[in-house]
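Participant: Residue numbers (the working numbering), protein chains in the order written: chain A, 17 to 364; chain B, 17 to 364.
Hints were generated in silico from the structure; no laboratory data involved.
Check before you lean on any hint, since a few could be wrong.
Remember, identical chains collapse to one label, so a pair may be satisfied in a single copy or spanning two.
Claimed, not checked - No more than 30 Å apart at the CA atoms, straight line, and that leaves these computed lysine-lysine pairs for DSS-like:
{"no.": "1", "residue 1": "K97", "residue 2": "K264"}
{"no.": "2", "residue 1": "K264", "residue 2": "K278"}
{"no.": "3", "residue 1": "K278", "residue 2": "K112"}
{"no.": "4", "residue 1": "K326", "residue 2": "K279"}
{"no.": "5", "residue 1": "K112", "residue 2": "K72"}
{"no.": "6", "residue 1": "K280", "residue 2": "K106"}
{"no.": "7", "residue 1": "K264", "residue 2": "K96"}
Here the structure is a predicted model, which is why all the values come from computation and not from measurement.
Number of protein chains: 2
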Amino acid sequence: MPMRIGVDAMGGDHAPGAIIRGSLQALTDFDHIELSLVGDENVIQDHLASNGGAPKRCHIVHASEVVDMSETPTDALRRKKNSSIMVLAKMAAEGKVDAVISAGNTGACAAAAQLRMRSLPCISRPGIAVALPSFHGPVTLCDVGANIQARPQHLYEYAVLATEYAKMVLGVESPRVGLVSIGEESLKGTDVIKRTHELLSSDGAIRFVGNVEGRELFQDKCDVAVSDGFVGNILLKFIEGLSEGLFKTISREFQDDDATTKKKFDDALHRVWQRHDFSEYGGAPLLGINGVCMICHGRSEERAIRNAVKAASTFVEHRFNEAITNRLARTANSGQSGTEAPTVANIG
Amino acid sequence: MPMRIGVDAMGGDHAPGAIIRGSLQALTDFDHIELSLVGDENVIQDHLASNGGAPKRCHIVHASEVVDMSETPTDALRRKKNSSIMVLAKMAAEGKVDAVISAGNTGACAAAAQLRMRSLPCISRPGIAVALPSFHGPVTLCDVGANIQARPQHLYEYAVLATEYAKMVLGVESPRVGLVSIGEESLKGTDVIKRTHELLSSDGAIRFVGNVEGRELFQDKCDVAVSDGFVGNILLKFIEGLSEGLFKTISREFQDDDATTKKKFDDALHRVWQRHDFSEYGGAPLLGINGVCMICHGRSEERAIRNAVKAASTFVEHRFNEAITNRLARTANSGQSGTEAPTVANIG
Numbered sequence: 017m018p019m020r021i022g023v024d025a026m027g028g029d030h031a032p033g034a035i036i037r038g039s040l041q042a043l044t045d046f047d048h049i050e051l052s053l054v055g056d057e058n059v060i061q062d063h064l065a066s067n068g069g070a071p072k073r074c075h076i077v078h079a080s081e082v083v084d085m086s087e088t089p090t091d092a093l094r095r096k097k098n099s100s101i102m103v104l105a106k107m108a109a110e111g112k113v114d115a116v117i118s119a120g121n122t123g124a125c126a127a128a129a130q131l132r133m134r135s136l137p138c139i140s141r142p143g144i145a146v147a148l149p150s151f152h153g154p155v156t157l158c159d160v161g162a163n164i165q166a167r168p169q170h171l172y173e174y175a176v177l178a179t180e181y182a183k184m185v186l187g188v189e190s191p192r193v194g195l196v197s198i199g200e201e202s203l204k205g206t207d208v209i210k211r212t213h214e215l216l217s218s219d220g221a222i223r224f225v226g227n228v229e230g231r232e233l234f235q236d237k238c239d240v241a242v243s244d245g246f247v248g249n250i251l252l253k254f255i256e257g258l259s260e261g262l263f264k265t266i267s268r269e270f271q272d273d274d275a276t277t278k279k280k281f282d283d284a285l286h287r288v289w290q291r292h293d294f295s296e297y298g299g300a301p302l303l304g305i306n307g308v309c310m311i312c313h314g315r316s317e318e319r320a321i322r323n324a325v326k327a328a329s330t331f332v333e334h335r336f337n338e339a340i341t342n343r344l345a346r347t348a349n350s351g352q353s354g355t356e357a358p359t360v361a362n363i364g
Numbered sequence: 017m018p019m020r021i022g023v024d025a026m027g028g029d030h031a032p033g034a035i036i037r038g039s040l041q042a043l044t045d046f047d048h049i050e051l052s053l054v055g056d057e058n059v060i061q062d063h064l065a066s067n068g069g070a071p072k073r074c075h076i077v078h079a080s081e082v083v084d085m086s087e088t089p090t091d092a093l094r095r096k097k098n099s100s101i102m103v104l105a106k107m108a109a110e111g112k113v114d115a116v117i118s119a120g121n122t123g124a125c126a127a128a129a130q131l132r133m134r135s136l137p138c139i140s141r142p143g144i145a146v147a148l149p150s151f152h153g154p155v156t157l158c159d160v161g162a163n164i165q166a167r168p169q170h171l172y173e174y175a176v177l178a179t180e181y182a183k184m185v186l187g188v189e190s191p192r193v194g195l196v197s198i199g200e201e202s203l204k205g206t207d208v209i210k211r212t213h214e215l216l217s218s219d220g221a222i223r224f225v226g227n228v229e230g231r232e233l234f235q236d237k238c239d240v241a242v243s244d245g246f247v248g249n250i251l252l253k254f255i256e257g258l259s260e261g262l263f264k265t266i267s268r269e270f271q272d273d274d275a276t277t278k279k280k281f282d283d284a285l286h287r288v289w290q291r292h293d294f295s296e297y298g299g300a301p302l303l304g305i306n307g308v309c310m311i312c313h314g315r316s317e318e319r320a321i322r323n324a325v326k327a328a329s330t331f332v333e334h335r336f337n338e339a340i341t342n343r344l345a346r347t348a349n350s351g352q353s354g355t356e357a358p359t360v361a362n363i364g
């Protein structure tokens with residue numbers, strides 16, 4: 017039986033064009049996948065037509081509304097019950113697809129998923145995990161935007177979820193977990209950080225290395241970094257800005273050189289850039305949700321979507337949620353509630 | 017009358033050696049300055065001796081204790097009344113020096129300053145401002161660690177303080193102020209962010225450009241970025257880590273090239289690196305304190321300290337506090353209280 021993946025055709029800065037082209041590319045590259053493109057039927061039809069028509073294994077599911085990137089999740093969920101994101105989440109909840117993908121409004125996507133798909137029984141709040149391309153291998157940062165006012169229990173759960181993710185999906189043998197804070201000492205940071213530090217220290221199954229400062233994310237101190245969605249999202253976007261800026265500045269240093277030298281420099285920068293390009297990683301999983309939901313960067317182009325489809329299918333194959341459920345059933349600190357109100361993160 | 021600056025000889029990763037050498041360098045370079053080195057008298061004597069003896073305009077003030085980088089400010093202030101930081105703050109409060117400088121425990125330094133020197137009457141909480149070397153000129157980020165659980169009023173005051181700083185000290189004509197958050201829309205972010213957004217929008221004297229995401233700090237969207245000390249400090253250290261990491265990774269791309277090419281690349285990187293080196297900027301002012309307090313990076317070497325002395329003297333010459341007091345006397349939103357308990361930021 018093919019793997020069925022639902023794609024939000026309308027979400028993202030380059031939707032629907034780039035989303036649909038990326039989906040078609042995925043269908044070409046991966047025969048075991050069947051895609052449902054969710055969004056305005058006519059718009060999707062037109063785009064498919066201009067790309068040589070709808071291939072086999074590609075279905076269209078109509079959704080009459082679209083959540084804008086700028087809407088707050090609360091408004092989006094209340095006002096637009098038929099948005100592509102909500103329809104997608106409903107399909108996942110009803111088992112009509114094995115995984116869903118969206119490059120749309122991150123907060124709305126996380127909220128819709130939690131409202132329809134719900135959290136795993138043992139998890140209070142799902143969190144978005146991103147594999148940051150660090151210089152010694154990926155560092156998994158969780159949460160990067162699903163839950164912007166996280167409680168200690170939420171952060172503890174992110175440590176558990178991201179640890180399993182790093183193990184199962186990224187192949188890190190025994191992931192070291194750091195808590196993003198402003199000083200290495202356990203007594204430093206906000207009250208939430210201090211309490212989380214206690215929770216993480218108390219679970220022997222977590223390889224907790226203590227607080228990590230921003231600098232240390234790049235010094236091979238941890239494989240997993242835990243933060244609330246506010247700090248995590250700011251850091252994530254900060255990385256992009258700083259990297260882009262630095263690359264520009266550096267290449268400017270060579271603009272007066274001869275063509276050969278200039279090309280040599282630019283090629284080198286391009287190689288480094290590619291190793292740090294989010295597109296290569298595809299989407300970021302919403303960990304702790306009862307199903308598989310990959311959230312893509314709003315700026316995702318064709319290639320990022322194609323890779324997100326691949327990442328989603330890998331994620332499903334790993335039976336991640338079973339592992340998590342078993343893992344948390346074994347520990348004392350497991351989630352107090354899987355029935356909390358859906359996370360509504362006010363982010364873009 | 018010379019400008020009298022007090023230096024914490026014992027604070028910092030490279031104290032007292034680098035601190036004392038940097039101070040001596042400053043005395044050589046700036047003849048209008050008189051320095052008081054505060055710390056263990058014998059230790060300072062020995063270091064001065066090994067550097068050719070104490071020059072004129074250099075005094076030693078004994079302090080029997082030192083605050084470790086790892087101590088929490090609360091403990092440090094309670095347990096070590098005779099620490100170099102506390103003695104220094106007392107000297108400033110008593111008008112024995114015009115400015116104080118420390119590369120020691122940031123949180124303890126900010127707390128000691130607020131305890132002894134107090135805030136300006138119109139300010140509730142001082143904040144540390146750092147001029148981030150962005151690619152289109154400096155972006156002043158405030159706060160980066162004095163106040164890790166800031167309230168909207170505090171963040172509003174940081175906008176006012178950092179705006180005046182950018183104007184008077186960095187020469188930005190009409191600084192644009194951004195609020196560090198996770199989405200551009202006013203409705204996005206935590207409750208504190210939303211309320212701060214209202215306060216900033218309501219003050220016509222602030223050139224508020226709305227929320228800024230991490231990426232936008234490098235896209236010439238604002239000259240001043242406001243955040244609480246937790247987020248600000250994480251960002252600050254993150255910048256260092258990411259920049260260092262990127263520079264290493266990039267230069268590794270050229271390791272197999274011939275010596276000439278390799279040198280060309282490394283020189284270019286070095287030029288960029290220098291433009292982004294905190295040492296060039298010296299210390300970061302604790303804005304809103306009733307006096308002048310420059311907080312230096314814990315890793316400060318000789319050059320950074322020499323530049324911090326220079327920055328402190330410039331800061332004094334600008335009569336910044338007078339300007340702030342006049343500015344806030346004119347606005348409705350001015351600080352509700354200058355008598356809050358001292359900020360105790362649990363950071364390193």
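Participant: Now look at each hint and say whether the structure bears it out.
Facilitator: Status of the hints after comparison with the structure:
no.	hint	verdict
1	K97 - K264	neither (43 Å within a copy, 49 Å between copies)
2	K264 - K278	both (13 Å within a copy, 20 Å between copies)
3	K278 - K112	neither (52 Å within a copy, 56 Å between copies)
4	K326 - K279	neither (33 Å within a copy, 41 Å between copies)
5	K112 - K72	within (18 Å within a copy, 83 Å between copies)
6	K280 - K106	neither (50 Å within a copy, 57 Å between copies)
7	K264 - K96	neither (40 Å within a copy, 48 Å between copies)
Violated hints, in rising order: 1, 3, 4, 6 and 7; the structure is consistent with all others.
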